[in-house]
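Novice: Sequence:
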Amino acid sequence: MLRIYREQAVKTSQIDPQTGAMVIDEASFKRGKVLVFCETGNDRSASVVSAYLMAILGLSAAEVCQFITYKRFCVSMDEDLKHTLRSYEDILLAQRTVHQHELKSESSILASVPKKNKRGIDETVDDDGDDGMTGMHQYQGSDRERFLGRDNFTPFVDIDT
Numbered sequence: 001m002l003r004i005y006r007e008q009a010v011k012t013s014q015i016d017p018q019t020g021a022m023v024i025d026e027a028s029f030k031r032g033k034v035l036v037f038c039e040t041g042n043d044r045s046a047s048v049v050s051a052y053l054m055a056i057l058g059l060s061a062a063e064v065c066q067f068i069t070y071k072r073f074c075v076s077m078d079e080d081l082k083h084t085l086r087s088y089e090d091i092l093l094a095q096r097t098v099h100q101h102e103l104k105s106e107s108s109i110l111a112s113v114p115k116k117n118k119r120g121i122d123e124t125v126d127d128d129g130d131d132g133m134t135g136m137h138q139y140q141g142s143d144r145e146r147f148l149g150r151d152n153f154t155p156f157v158d159i160d161t
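In full-length UniProt numbering, the protein residues as written are 1 to 161.
Hint data in this document are derived by calculation from the structure and do not stem from the laboratory. Watch out, some of these pointers could steer you wrong.
[As the list claims (entries may be wrong)] Listed next, the in silico DMTMM-like pairs over lysine to aspartate or glutamate satisfying Cα-Cα at most 25 angstroms (straight line):
| id | residue 1 | residue 2 |
| --- | --- | --- |
| 1 | K104 | D90 |
| 2 | K33 | E63 |
| 3 | K71 | D43 |
| 4 | K82 | E106 |
| 5 | K82 | E39 |
| 6 | K33 | D43 |
| 7 | K82 | E63 |
| 8 | K71 | E39 |
[To be verified] What follows is a set of in silico ranges between Cβ atoms, one per label pair, in the way DEER data are often shown:
| id | residue 1 | residue 2 | range |
| --- | --- | --- | --- |
| 9 | C74 | E106 | 43 to 53 angstroms |
| 10 | A62 | K33 | 23 to 33 angstroms |
| 11 | K104 | E79 | 32 to 42 angstroms |
| 12 | H99 | C74 | 34 to 44 angstroms |
Where is the CB? At the ideal position from N, CA and C, for every residue including glycine.
Start from the sequences and build out the full structure, keeping to the hints where you can.
Specialist: See below:
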């Protein structure tokens with residue numbers, strides 16, 4: 001269930017991971033119903049649905065227990081189940097924190113990348129004076145002399161968008 005839901009999640013850095021709720025594109029969302037059951041209908045099925053609600057809606061363990069009990073009064077949530085849900089809540093919180101850190105680092109990397117200038121002919125030459133391929137001196141065989149009297153002309157200019 002979670003895999004299918006996560007496949008539909010919008011992949012964008014504008015999502016606030018603090019909320020815990022996944023954002024789904026309305027056009028591609030496939031709504032469905034799933035029957036979750038166990039032997040009595042009060043123990044394990046309630047724990048699976050609780051974990052699902054925690055992962056999808058970002059609810060805390062206490063909120064999920066209250067919601068499930070409100071919807072189905074006969075649910076029996078023992079202390080072991082509540083402890084497991086609290087542990088799962090910590091795991092989800094850690095995942096959200098890591099994801100939030102990744103989003104911040106991605107945005108800071110994109111903002112701090114300096115614009116790279118085009119390289120000049122002098123940058124194509126090794127320190128010893130040859131071009132590294134033919135063994136010739138950098139100006140030998142080139143037609144540099146025909147461009148000496150001209151103004152700097154850049155046929156293509158990068159424009160920031």
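Novice: All the hints need checking, so say for each whether the structure fits it.
Specialist: Verification of the hints:
1. For the hint pairing K104 with D90, the CA-to-CA distance comes to about 21 angstroms; that is within 25 angstroms, so the pair holds.
2. Between K33 and E63, the direct Cα distance comes to roughly 22 angstroms. Compliance with the 25 angstroms bound is thereby established for this hinted pair.
3. For the proposed pair K71 and D43, the alpha carbon gap of about 14 angstroms is at most 25 angstroms, so the pair holds.
4. Between K82 and E106, the direct Cα distance comes to roughly 36 angstroms. Violation of the 25 angstroms bound is thereby established for this hinted pair.
5. Restraint check: the Cα-Cα separation between K82 and E39 comes to about 19 angstroms, which is no more than 25 angstroms; the hinted pair holds.
6. Between the alpha carbons of K33 and D43 the distance comes to roughly 20 angstroms, so the proposed pair stays at or under 25 angstroms and holds.
7. The straight-line distance between the Cα atoms of K82 and E63 is roughly 11 angstroms, inside the 25 angstroms bound, and the hint therefore holds.
8. With a CA separation close to 19 angstroms, the supplied pair K71 and E39 stays within the 25 angstroms bound.
9. Range check, C74 to E106: Cβ separation about 47 angstroms, and the 43 to 53 angstroms hint holds.
10. Restraint check, A62 to K33: a C-beta distance of roughly 26 angstroms satisfies the suggested window 23 to 33 angstroms.
11. For K104 and E79, the Cβ-Cβ distance of about 37 angstroms falls inside the hinted range of 32 to 42 angstroms, so the restraint holds.
12. Distance hint check: the CB atoms of H99 and C74 are about 36 angstroms apart, consistent with the given range 34 to 44 angstroms.
Hint check: a violation occurs at hint 4 only; the rest are consistent with the structure.
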